[in-house]
Amino acid sequence: MKNLEEKLNLHRGGNDTGEIFVEGDPNSINSELNLLKNQFGFCYFLDMYAAECPGDDFDFKIYYYILNLDENIRIRYTVSISSKFSMPSVTSIWKCSDWYEREIHEMYGVYFVNRNLDRLLLPAGCSEKPMLNSFRMGQEIEATTPFGPYFTKRNQKDPLKNWTKISTWTKSTHLSFKLWLQSDEGKVSDSIVEVGFLHRGVEKLCQNLNLFQLSPYIQRVNSHSLFCGELSWLMAIEQRLQIKIPPKAMAIRMLLAEFSRIWEHFYFVEQVCLKLKMDKDIREFQFYKEYITELFENYTGRRQYSNVFIGGVPSELQAGWITSCYDFLPKLEIFTSKKIRELSKDYFFSEILRSDSIDGNTALELSLTGPTLRGCGINFDIRKSFPYYHYESVDFEIPLGKHGSSFDRVLVRLEEVRQSTSIILQLLDNLPTGNLLDEGHEIVSLFKAQDDGNFNALDLMNLIDGVKISKDVSYSSIEAGSGEWGIHLHGDGSNKASRLRISPPSFSLLQAFQSLVIGREVSEYGAFLESFGINSSEVDR
Amino acid sequence: MIIKKSHYKKPSFHFEILRICFSILQGVKRKWIKRWEVNKFTINYGEEVFYSNRHMGFPSLKMDLGQSLICDGCKLCKKICPTNCIEIDLKNGDGNGKDNLACFSIDLRSCFYCNLCVSVCPISAIEFKNGFFSAQNNVDKFKVDLLERSNKQSPPYNLFH
Numbered sequence: 001m002k003n004l005e006e007k008l009n010l011h012r013g014g015n016d017t018g019e020i021f022v023e024g025d026p027n028s029i030n031s032e033l034n035l036l037k038n039q040f041g042f043c044y045f046l047d048m049y050a051a052e053c054p055g056d057d058f059d060f061k062i063y064y065y066i067l068n069l070d071e072n073i074r075i076r077y078t079v080s081i082s083s084k085f086s087m088p089s090v091t092s093i094w095k096c097s098d099w100y101e102r103e104i105h106e107m108y109g110v111y112f113v114n115r116n117l118d119r120l121l122l123p124a125g126c127s128e129k130p131m132l133n134s135f136r137m138g139q140e141i142e143a144t145t146p147f148g149p150y151f152t153k154r155n156q157k158d159p160l161k162n163w164t165k166i167s168t169w170t171k172s173t174h175l176s177f178k179l180w181l182q183s184d185e186g187k188v189s190d191s192i193v194e195v196g197f198l199h200r201g202v203e204k205l206c207q208n209l210n211l212f213q214l215s216p217y218i219q220r221v222n223s224h225s226l227f228c229g230e231l232s233w234l235m236a237i238e239q240r241l242q243i244k245i246p247p248k249a250m251a252i253r254m255l256l257a258e259f260s261r262i263w264e265h266f267y268f269v270e271q272v273c274l275k276l277k278m279d280k281d282i283r284e285f286q287f288y289k290e291y292i293t294e295l296f297e298n299y300t301g302r303r304q305y306s307n308v309f310i311g312g313v314p315s316e317l318q319a320g321w322i323t324s325c326y327d328f329l330p331k332l333e334i335f336t337s338k339k340i341r342e343l344s345k346d347y348f349f350s351e352i353l354r355s356d357s358i359d360g361n362t363a364l365e366l367s368l369t370g371p372t373l374r375g376c377g378i379n380f381d382i383r384k385s386f387p388y389y390h391y392e393s394v395d396f397e398i399p400l401g402k403h404g405s406s407f408d409r410v411l412v413r414l415e416e417v418r419q420s421t422s423i424i425l426q427l428l429d430n431l432p433t434g435n436l437l438d439e440g441h442e443i444v445s446l447f448k449a450q451d452d453g454n455f456n457a458l459d460l461m462n463l464i465d466g467v468k469i470s471k472d473v474s475y476s477s478i479e480a481g482s483g484e485w486g487i488h489l490h491g492d493g494s495n496k497a498s499r500l501r502i503s504p505p506s507f508s509l510l511q512a513f514q515s516l517v518i519g520r521e522v523s524e525y526g527a528f529l530e531s532f533g534i535n536s537s538e539v540d541r
Numbered sequence: 001m002i003i004k005k006s007h008y009k010k011p012s013f014h015f016e017i018l019r020i021c022f023s024i025l026q027g028v029k030r031k032w033i034k035r036w037e038v039n040k041f042t043i044n045y046g047e048e049v050f051y052s053n054r055h056m057g058f059p060s061l062k063m064d065l066g067q068s069l070i071c072d073g074c075k076l077c078k079k080i081c082p083t084n085c086i087e088i089d090l091k092n093g094d095g096n097g098k099d100n101l102a103c104f105s106i107d108l109r110s111c112f113y114c115n116l117c118v119s120v121c122p123i124s125a126i127e128f129k130n131g132f133f134s135a136q137n138n139v140d141k142f143k144v145d146l147l148e149r150s151n152k153q154s155p156p157y158n159l160f161h
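Listed in order, the protein sequences are those of chains L and W. Mapping to the numbering used here: the first sequence position 168 is 168, numbers consecutive. Mapping to the numbering used here: the second sequence position 26 is 26, numbers consecutive.
Certain hints may be false.
Here are the simulated EDC-like cross-link-like pairs (lysine to aspartate or glutamate), alpha carbons at most 16 Å apart as the crow flies [stated by the list, open to error]:
#  : chain 1 : residue 1 : chain 2 : residue 2
1  : L       : K468      : L       : E442
2  : W       : K9        : L       : E342
3  : L       : K84       : L       : E52
4  : W       : K78       : L       : D465
5  : W       : K10       : L       : E342
6  : W       : K10       : L       : E351
7  : W       : K79       : L       : D465
8  : L       : K448      : L       : D459
9  : W       : K9        : L       : E351
10 : W       : K9        : L       : D346
11 : L       : K84       : L       : D59
Part of the chain W face toward chain L, derived, beta carbon under 8 Å [what the hints assert, rightly or not]:
#  : residue
12 : H7
13 : H55
14 : M56
15 : F112
16 : C114
17 : I123
18 : S124
These are computed hints drawn from the structure, not numbers from a lab. Note that the coordinates shown come from a computational prediction; the quantities given were computed from them, not determined experimentally. Ideal Cβ positions, reconstructed from N, Cα and C, are used throughout, including at glycine.
Take the sequences, apply the hints, and build the full model.
Structure representation (C-alpha cells):
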C-alpha cells in the first residue's frame, strides 16, 4: 500500500468504508489505471459515471470505481475535465466499461476517443443531453427514427435473412429489450442487445426531489424484487446523515432483505424451468413465492416494496408472524434440498444447462456480479467482504460453482436459499429488543409526532425542508438477489441530492450476456438469459 | 465448498428414460382414478377476500367517535407527497382548525401508495383501508374527493361495488 501512495496522489476516505480516493490526470489515465489493475490487483471494475460540478473550474468530473477482491479495498478514481476535452477510453483495460462510456456520452456529451459511440438509452438522433443541469424537467426530446445505428449496422453487415429478432412479443422474454441474434447453422454468431425502452429518468427525477420523497422512486427501479433497492437507498442516506438505527430495526430489515432474496432466487430458477417447459416445478416455486409475499404483506401492508422509512422501521412484528415463519421455514428448507436433488438428477435439464461455461478471468473482465460471479468460482459477497447490519455475527456460508455454467448458477441460487433460511432462523432466535427508531436524531420526530402528542405543524414542515446533506460523495451497496446494488450519493449542502447515481447489477450482466451468448445454440438462449437474473427496468433506470 | 460433489455427477440416459416411463405411468394411474370423481362445479373464486391487518388498499380520512373529521388541514401530507397528487383547500384562507376543510382530493392515477402521508401525519387523520380501487370507465373518476366519500354512511373506499 505504501508503494501505491508514492506513485499516486491519493488520500484515505472517512467513515471506515475501506475506500481510497485518488485524483488523477485525464491525460495519463490509461497508464495509471493499468498500473492499478496489473500491479496492485484492482482487477474488478465496479462502476463509472459522470457528474457536473458547477462551482469549480472544470465542467465535469468522471468517477471510476474499482475494487481489489483480495483485500476488499475500493478505489474512487476521479478525473476533472472541461466539456471540450476528449477523454481517452479505458475499454482496452476493462472490456465492460463499454456501455458505461456510451451512457456518459449520451447523458453528458463527453466525447471518448477512438471508439464507437452508438446510442444506448436514448432514442436515436437525439441531440439533447438530459442529465445536464441546463436541461429542464418536462422538456421535450426530438428524435428522428427509432432505428438508428443498429439498423444500419445490421444492414451493412449481412442480409436480413440470418437475423432473428427476439423481443417482448416473443413468448419467452418477459424483459423489455430487443435482442438480435444472427444464427449460423443453429449457433449464434453475432448478437446485439438494444435497451432504453423503459427509460424513466429516475436519476434526474431524484435530483429535483426532497430527500424524504426519493424512496418510492428508488423502490420501483427493480420490479423483480421485494426490498433490495429501497434498502440500499436507506443505507446510503443513513450513512450520510449519521443516523444509527437500533439493533432491532436492523434485524427486521435483514429479515425482509433475506425473504426478498429467497423470492428473487425462486423467481429466476422458475423462469429457467419455464424456458425448459417444466410445468410441475414452476407451480411448486410459485406456491412458495406466494407464501413469502403473504408474509411480507403481513408485516409491511403491501405485497411488494415496503414502507420502511429513514431512521428505522415503522412498526412492530405482528403477533403470530414469528410463529408462521417457524412453521414455514423448515418446509422451505426441505423443499429446496429436494429441488436441488431432483434438478441435478434430471437428465435433460442438466444436459442443456451444462453445455456452456465461463471461466473466472472472463467473469472478472466482464464484471459479473452476484450468483453469476459466484457460479464461476470467485468468492465475493458484499455480506462477507463489506458486512453491514448483523451479517458479521450471523453464521452462513457462500456457495461457489465449478464451471460457471447455467447449471452452476441454478445450484448456487438454490443453495443460497438454504443459507438465507438459516440466517432468518438465527435472527428470529436472537431477535434484539428495544426501540424501532433512532431516538437521538431530529428526523425521527417527523415520524413520531403521533405518539408524542406535542408537535407544531410548522416545525415539522420546516424539518422536511431543513434536512441537508454535506458536500461530499459516498457509496454504499448491498447484496441483492442478482448482485451488488449500489448507490452513489453526492451532496452540495442543500436539501436535495446534487447527483444520485444508481448502479444496479443488471447493467453489467446484460452487457456481458451480449458477448457470452455468442457460440451457443439459438434454441437455448432463453434458459441461459434467465440464469443471469437480469431485470431490464434496472438497466434502463 | 458447500455444494455437494454428487450434484455434479452426470445422470445416466437410461435411468432418465426409466424415470420418464415411470412418471408417465403414474400420471395415467392418477388420471384413471380421477375419472370417477368428477367435480361438476368450478370452485367460486373472488367472493371471500382475506386481507392482512395491515393491508393497504384505498386511502381515506378517519372519523372520530362523534362522526366528525379528525383532519385539521395542516398540509403536511401535501408537502411530503412525492407526486403532488393530494389537493387540500381550506374555507378560511390559511387558518388551521377543525371543520375548516373545503376539499381533500387524491389523484389516484399518480398515487404511489407509498404510505408517506400516513406516517407523517401528526394526528393520524388519514389511513389506508382495505379494499381495491378497480378499473374505471372515466378518467375523472380517478380523482377522488375523500371529504365527500367520508360523509357517506356506506363503506367509502370500495368504489367498485
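Regarding the hint that M56 (chain W) lies at the interface with chain L, is the smallest CB-CB distance below 8 Å?
4 Å, holds
For a C-alpha distance cap of 16 Å, please report whether K9 (chain W) and E351 (chain L) respect it.
This hinted pair holds, its Cα atoms lying about 11 Å apart.
Take the shortest C-beta to C-beta distance between C114 (chain W) and chain L; is it under 8 Å?
This interface hint holds because 4 Å falls under the 8 Å limit.
Between K10 (chain W) and E351 (chain L), does the CA-CA distance stay at or below 16 Å?
Holds, at roughly 8 Å.
Could you check if I123 (chain W) really has its C-beta closer than 8 Å to a C-beta on chain L?
7 Å, holds
Between K84 (chain L) and E52 (chain L), is the straight-line Cα distance small enough, at 16 Å or below?
OK: K84 (chain L) and E52 (chain L) at ~14 Å, within 16 Å.
Does the closest beta carbon of chain L sit nearer than 8 Å to the beta carbon of F112 (chain W)?
4 Å, holds
Does the alpha-carbon distance linking K10 (chain W) and E342 (chain L) stay inside the 16 Å limit?
13 Å, holds
Given hint S124 (chain W) near chain L, where the shortest CB pair must fall under 8 Å
The hint holds - S124 (chain W) has a Cβ within 8 Å of chain L, the shortest such distance being about 5 Å.
Need the status of pair K468 (chain L), E442 (chain L): alpha-carbon distance at most 16 Å?
Roughly 12 Å between the alpha carbons, so the hint for K468 (chain L) and E442 (chain L) holds.
Is the interface hint for H55 (chain W) satisfied, with its Cβ closer than 8 Å to some Cβ of chain L?
Where the cut-off is 8 Å and the nearest Cβ of chain L is about 6 Å from H55 (chain W), the hint holds.
Measure nothing beyond the straight line between the CA atoms of K448 (chain L) and D459 (chain L); if it is 16 Å or shorter, mark the hint as holding.
13 Å, holds
Hint check: no violations occur; every hint is consistent with the structure.
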